[in-house]
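Using the sequences and the hints, build the whole thing.
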Amino acid sequence: MKTTIIDQQTQIDSLKSKNQTNESVQEESTREKTQISNQENQSETSEDLLWDTSKKIDTFDAYLEFIKSEGLEGKHKKNAIQRLFELGISGWMYSGRTENGEIYSNDQLVKVTWRNNSSQDLDDTLPELGDIVALKSQEARRTYPDFLPRSNQNGIWPLGKSAYVIDVRMEGKTAVILKVVYERP
1 MKTTIIDQQT QIDSLKSKNQ TNESVQEEST REKTQISNQE NQSETSEDLL
51 WDTSKKIDTF DAYLEFIKSE GLEGKHKKNA IQRLFELGIS GWMYSGRTEN
101 GEIYSNDQLV KVTWRNNSSQ DLDDTLPELG DIVALKSQEA RRTYPDFLPR
151 SNQNGIWPLG KSAYVIDVRM EGKTAVILKV VYERP
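With my numbering, the residue at position 51 of the sequence shown is 51, and numbering never jumps.
No incorrect hints appear here.
Below, in silico cross-link-like pairs of lysine-lysine (BS3-like), each with a Cα-Cα straight-line distance of 30 Å or less: (1) Lys78 x Lys56; (2) Lys161 x Lys136; (3) Lys78 x Lys161; (4) Lys77 x Lys111; (5) Lys173 x Lys111; (6) Lys111 x Lys78; (7) Lys161 x Lys77; (8) Lys77 x Lys56; (9) Lys68 x Lys136; (10) Lys55 x Lys111.
Since the hints were made in silico from the structure, they are not lab data.
And the structure:
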């Protein structure tokens with residue numbers, strides 16, 4: 001009978017050891033899941049914090065900077081673009097001539113300063129929808145409410161201020177016309 005009790009005790013000890021191992025594995029799994037969840041919440045939180053900061057500053061430039069921020073999921077990007085329209089003025093303007101998809105550098109009136117997910121040199125690239133551009137010329141530029149500047153100007157894009165490209169069109173084969181939204185002077 002003593003042998004049986006010893007055997008039973010050995011079995012119980014073995015089961016306890018296996019149980020402790022299973023509990024350790026479960027605890028480690030729970031810790032890993034918590035870490036992953038915290039990392040996801042941190043990235044969401046940093047985007048939310050950046051958005052909250054942009055809203056507090058509430059300037060055209062603050063929303064441009066928000067749009068340019070890397071690593072964002074974009075859940076507030078539409079709101080930032082909407083604020084650009086509310087704080088700014090939009091208009092059409094001639095931006096240069098193109099040949100083979102590149103703007104002539106001697107005729108270029110704007111330069112692309114930021115393009116989403118691009119690390120290439122953007123100096124002589126053709127502006128695209130969603131780009132942030134700056135005047136390359138040494139003077140402020142007139143913008144017009146219509147694609148063709150037959151109507152009166154609707155504003156002046158100030159020198160030293162960036163703009164957000166909302167449309168790009170060609171007039172004829174070489175003239176590049178942009179619709180931009182920029183800060184009200």
